Amino acid sequence: MSRTISEIASYLGLPFQGDGDTKVDKVSSWEIADASSLIYIENKEMAAQFPRTIRVACAIVMAGSEPVGTNTIISEKPKLDFARAASLLQPSRPAMGLRHSSAIIAASADVDDSVNIGPLVAIGPHARVRRGCILHAGVVVGEGCVLGEECILYPNVILYPQVEIGNRTILHAGVVVGSDGFGYVFDGAAHIKFPQVGTVLIEDDVEIGANSTIDRGSLGVTRIGAGTKIDNLVQVAHNVQIGKGVVIAAQTGISGSTIIEDYVVIGGQVGFGDHAHVQKGVVIGSKAGVLPGKILRSGETYWGIPVRPLSEFKRLNALFGRLPQMKEEISALKEKVTSLQAALQKLESE
Amino acid sequence: MSRTISEIASYLGLPFQGDGDTKVDKVSSWEIADASSLIYIENKEMAAQFPRTIRVACAIVMAGSEPVGTNTIISEKPKLDFARAASLLQPSRPAMGLRHSSAIIAASADVDDSVNIGPLVAIGPHARVRRGCILHAGVVVGEGCVLGEECILYPNVILYPQVEIGNRTILHAGVVVGSDGFGYVFDGAAHIKFPQVGTVLIEDDVEIGANSTIDRGSLGVTRIGAGTKIDNLVQVAHNVQIGKGVVIAAQTGISGSTIIEDYVVIGGQVGFGDHAHVQKGVVIGSKAGVLPGKILRSGETYWGIPVRPLSEFKRLNALFGRLPQMKEEISALKEKVTSLQAALQKLESE
Amino acid sequence: MSRTISEIASYLGLPFQGDGDTKVDKVSSWEIADASSLIYIENKEMAAQFPRTIRVACAIVMAGSEPVGTNTIISEKPKLDFARAASLLQPSRPAMGLRHSSAIIAASADVDDSVNIGPLVAIGPHARVRRGCILHAGVVVGEGCVLGEECILYPNVILYPQVEIGNRTILHAGVVVGSDGFGYVFDGAAHIKFPQVGTVLIEDDVEIGANSTIDRGSLGVTRIGAGTKIDNLVQVAHNVQIGKGVVIAAQTGISGSTIIEDYVVIGGQVGFGDHAHVQKGVVIGSKAGVLPGKILRSGETYWGIPVRPLSEFKRLNALFGRLPQMKEEISALKEKVTSLQAALQKLESE
Chain A
5 MSRTISEIAS
15 YLGLPFQGDG
25 DTKVDKVSSW
35 EIADASSLIY
45 IENKEMAAQF
55 PRTIRVACAI
65 VMAGSEPVGT
75 NTIISEKPKL
85 DFARAASLLQ
95 PSRPAMGLRH
105 SSAIIAASAD
115 VDDSVNIGPL
125 VAIGPHARVR
135 RGCILHAGVV
145 VGEGCVLGEE
155 CILYPNVILY
165 PQVEIGNRTI
175 LHAGVVVGSD
185 GFGYVFDGAA
195 HIKFPQVGTV
205 LIEDDVEIGA
215 NSTIDRGSLG
225 VTRIGAGTKI
235 DNLVQVAHNV
245 QIGKGVVIAA
255 QTGISGSTII
265 EDYVVIGGQV
275 GFGDHAHVQK
285 GVVIGSKAGV
295 LPGKILRSGE
305 TYWGIPVRPL
315 SEFKRLNALF
325 GRLPQMKEEI
335 SALKEKVTSL
345 QAALQKLESE
Chain B
5 MSRTISEIAS
15 YLGLPFQGDG
25 DTKVDKVSSW
35 EIADASSLIY
45 IENKEMAAQF
55 PRTIRVACAI
65 VMAGSEPVGT
75 NTIISEKPKL
85 DFARAASLLQ
95 PSRPAMGLRH
105 SSAIIAASAD
115 VDDSVNIGPL
125 VAIGPHARVR
135 RGCILHAGVV
145 VGEGCVLGEE
155 CILYPNVILY
165 PQVEIGNRTI
175 LHAGVVVGSD
185 GFGYVFDGAA
195 HIKFPQVGTV
205 LIEDDVEIGA
215 NSTIDRGSLG
225 VTRIGAGTKI
235 DNLVQVAHNV
245 QIGKGVVIAA
255 QTGISGSTII
265 EDYVVIGGQV
275 GFGDHAHVQK
285 GVVIGSKAGV
295 LPGKILRSGE
305 TYWGIPVRPL
315 SEFKRLNALF
325 GRLPQMKEEI
335 SALKEKVTSL
345 QAALQKLESE
Chain C
5 MSRTISEIAS
15 YLGLPFQGDG
25 DTKVDKVSSW
35 EIADASSLIY
45 IENKEMAAQF
55 PRTIRVACAI
65 VMAGSEPVGT
75 NTIISEKPKL
85 DFARAASLLQ
95 PSRPAMGLRH
105 SSAIIAASAD
115 VDDSVNIGPL
125 VAIGPHARVR
135 RGCILHAGVV
145 VGEGCVLGEE
155 CILYPNVILY
165 PQVEIGNRTI
175 LHAGVVVGSD
185 GFGYVFDGAA
195 HIKFPQVGTV
205 LIEDDVEIGA
215 NSTIDRGSLG
225 VTRIGAGTKI
235 DNLVQVAHNV
245 QIGKGVVIAA
255 QTGISGSTII
265 EDYVVIGGQV
275 GFGDHAHVQK
285 GVVIGSKAGV
295 LPGKILRSGE
305 TYWGIPVRPL
315 SEFKRLNALF
325 GRLPQMKEEI
335 SALKEKVTSL
345 QAALQKLESE
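Note that the protein sequences, when read in sequence, are chains A, B and C. Using this note's numbering, read the first sequence as starting at 5 and increasing by one per residue. Using this note's numbering, read the second sequence as starting at 5 and increasing by one per residue. Using this note's numbering, read the third sequence as starting at 5 and increasing by one per residue.
What the hints contain is simulated information worked out from the structure, not anything from laboratory work. Don't take every hint at face value.
Pairs count within a copy or across copies, as identical chains cannot be separated in the list.
[As the list claims (entries may be wrong)] Straight-line Cα separation of at most 27 Å, DSS-like style, residue types lysine-lysine; simulated pairs:
no., residue 1, residue 2
1, Lys298, Lys318
2, Lys331, Lys318
3, Lys197, Lys83
4, Lys350, Lys340
5, Lys81, Lys284
6, Lys30, Lys48
7, Lys81, Lys27
8, Lys350, Lys338
9, Lys197, Lys27
10, Lys81, Lys248
11, Lys331, Lys27
12, Lys284, Lys318
13, Lys30, Lys340
14, Lys284, Lys197
15, Lys81, Lys197
Quick caveat: nothing in here was measured; it's all calculated off a predicted structure.
Input sequences plus hints: build the corresponding full structure.
Shown next, in the form of structure tokens:
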């Protein structure tokens, strides 16, 4: 969608410099920008590297970093305002009530007229899909599921029955929500399935990456709080409670009943034992391992397997790298002590 | 399905106390239980915490832990009997021969009349699907596959051709069985695909979690033994042999030709090199790494990367945490030895 | 497809011994070989173990390792030539222009007549699918995607819009290509989505394993070079650049903007921080962790979390296992030093 610089600046509530009538068509990185691109220059270091030969429609920059001869919008947070401008320039297409004839919609399902339904979608009995949702090809919405307004379900998203999802939540291709949790009781010969009859509640503005899996509660609810963002191939087990605004990078796995409070930030390939408790705002580095039942305290950054506070882990890791020197120092000490003993014995015997 | 307490007790072969005619509708956890719920109290610790204000239809408890004023079924293993009761109270719906008109079934496929086939299912030529199976929306059964009785394939399960599955096996949404293994021979310039023309055999009563992947044998068979339970996002490579009653938690990966014997228990995010051999009953902690060709001995619990016996690993991990002290001790020793040397030299020169 | 030994030898450009007219039907491993099987014996160790009772149609062996009484093709690289012979004996079935009537093909899509299209496939507007491609059941090809010649997309592969794929590339079931990358800018209260409007380019002869996920570039391109092979459940984040002939084992995750040069070999469950740079030919052991921004140098093998050169890591890991002895040595030294001090004091006071 084409916009003038003055329209974008007005949308962002920011001042601009240069020709406000210049048209902007798209957001770009420097490397592929052209005369219709909006770019951003995050800070002075980036500004110093900005190639003078690049011609763009407009750059979002901090005051004092304006490149010569370029139209600019002045911002204190260029990357954030660039992201905001992108949603104006390249908005996702809204639902327009398009329903592909190949979609299978149960008679008892309650689907708003505005909803887009792609080819080969299956919507089960008593499901409710609210205004503005987009269900891409091959999506399966189980019996009794509820989707809030303006959700986007990319191809082949699977919702097991009774899953509830808030507004503006985005589920990427292959995401599975509501599968049975992994719970058995061993009877001495076989693993007897523990009931997995709970549900999943995903709140507003959540985004979940491709092929991630969210198990239903065994007896209760697996919950993902508003504004939480989850990357690809992440596993969320039964009864896990994830707060608001949490960020979880790819391939992380969270075991049953673990609690992640608001605004926690979790790297990739992290593993959580069951019944762990991560307090508000904790940061956990990639590949870390959190033991079952462990409590991670607010205000701290953690890393390692098992996790330790970051400063401690860094020190230990540095010392790990110095093990050869420590071994040599011990050997040298042994030699010195042996010769001291000999010298002392000699003195004593004199 | 509503049952009386006496019916449930009779099904479990256990005695009850209180009003046997009370109706029970569902299994619940304490938090959400109501007057129609069956709950369980696993042990005295749980019994001590049981809130007296909760009103439930019935609690399964150990003798001596009965809460006052509550109908009870007396069990030596309350959690196990609760799981058993759940299968009576909330059984999964049996197949009733329902076939959605949108399903695509090859003319040469042999599908029992009792099988439920959801919308948009595709069953390939010469496939056989036996009595009581349920194939949910979007399932793909490849050419020549065989499914035993009463299997449940959740939405979008993919079976490549020639995969064989036993009775009562459950595959969750997005599971892929029979994909090509990862094998190439480098010819000096390119990676030439090694043939991946074997099969997969999954025995009875197996359950596999959402989006897990099971590769076919390269020339032979990838095998998963009866009663084995596999969590979400697990990778099983070509020619892997998994025994009976094995438990494998989420995101674990098992490389080619590795052998896992019966009743092994494997945590989440564990990795196995190829041709490893895990003997019967071994327990492996989460995030562990097993080197290629490694043999893990029965009777042992393992942890760490690479794995070590648990007691050894715990000791090493504790010492890892004491590296700063060790470093200080070495420094202190150096100082003392230096002053000893000086004192000794002084003595010698006197 | 049945072939004579002389036909196979001629195809491979290799000499044979024995009856060149013997028919060969299939490739097999020793364990399941029969009189119509082609097998291979890689080296003298394998030859020494070859059971004399096995009857096969033909064995590919090194000169000097021929089993008595067996037809042989003589090769310097038996496993490689066996893999080549397999593509002659058991070629994948070519596309024959079969289109299932249930497939949904946009009117504006440009699909070559030779392409096989399975049941319940969805091809979006303006997509181009070139000669000889095979799209299995449930595949979704997004708007504007381009597929080169003779690609195979197994069931339920999802291509988001604008993804471009070269020739002879194989995507296994459940692979997702072009999903949004994981990028947000925190505005102090919420995570604002950074635009994910780039694309994915996958070159010729790439193979990607089941349920792996390849995110689209945020503003630029995520690229996977020709001949690269990727295993199951691998995560490739936005803007990652992977060179030619790279091998990546299962469950590895590569964070945003990381560069992997040609012919790098990566084990399973490896994790890469963002903006790492792995130079040509580097080998990285399973479960390794590469820090953000880290440069791994050509000619080196790496292992550990965080990665170190393999020889260094092995030495450190051995010393880690000797921590108890180091602790004891320090304790013994302390005792000796204490008694030395005492003895010296005694001498001094004399």
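Structure-based check of all given hints:
| no. | hint | result |
| --- | --- | --- |
| 1 | Lys298 with Lys318 | both (20 Å within a copy, 16 Å between copies) |
| 2 | Lys331 with Lys318 | both (20 Å within a copy, 15 Å between copies) |
| 3 | Lys197 with Lys83 | between (49 Å within a copy, 11 Å between copies) |
| 4 | Lys350 with Lys340 | both (15 Å within a copy, 17 Å between copies) |
| 5 | Lys81 with Lys284 | within (25 Å within a copy, 37 Å between copies) |
| 6 | Lys30 with Lys48 | within (24 Å within a copy, 63 Å between copies) |
| 7 | Lys81 with Lys27 | within (22 Å within a copy, 62 Å between copies) |
| 8 | Lys350 with Lys338 | both (18 Å within a copy, 21 Å between copies) |
| 9 | Lys197 with Lys27 | between (61 Å within a copy, 23 Å between copies) |
| 10 | Lys81 with Lys248 | within (23 Å within a copy, 38 Å between copies) |
| 11 | Lys331 with Lys27 | neither (67 Å within a copy, 64 Å between copies) |
| 12 | Lys284 with Lys318 | within (23 Å within a copy, 29 Å between copies) |
| 13 | Lys30 with Lys340 | neither (72 Å within a copy, 70 Å between copies) |
| 14 | Lys284 with Lys197 | between (34 Å within a copy, 22 Å between copies) |
| 15 | Lys81 with Lys197 | between (52 Å within a copy, 14 Å between copies) |
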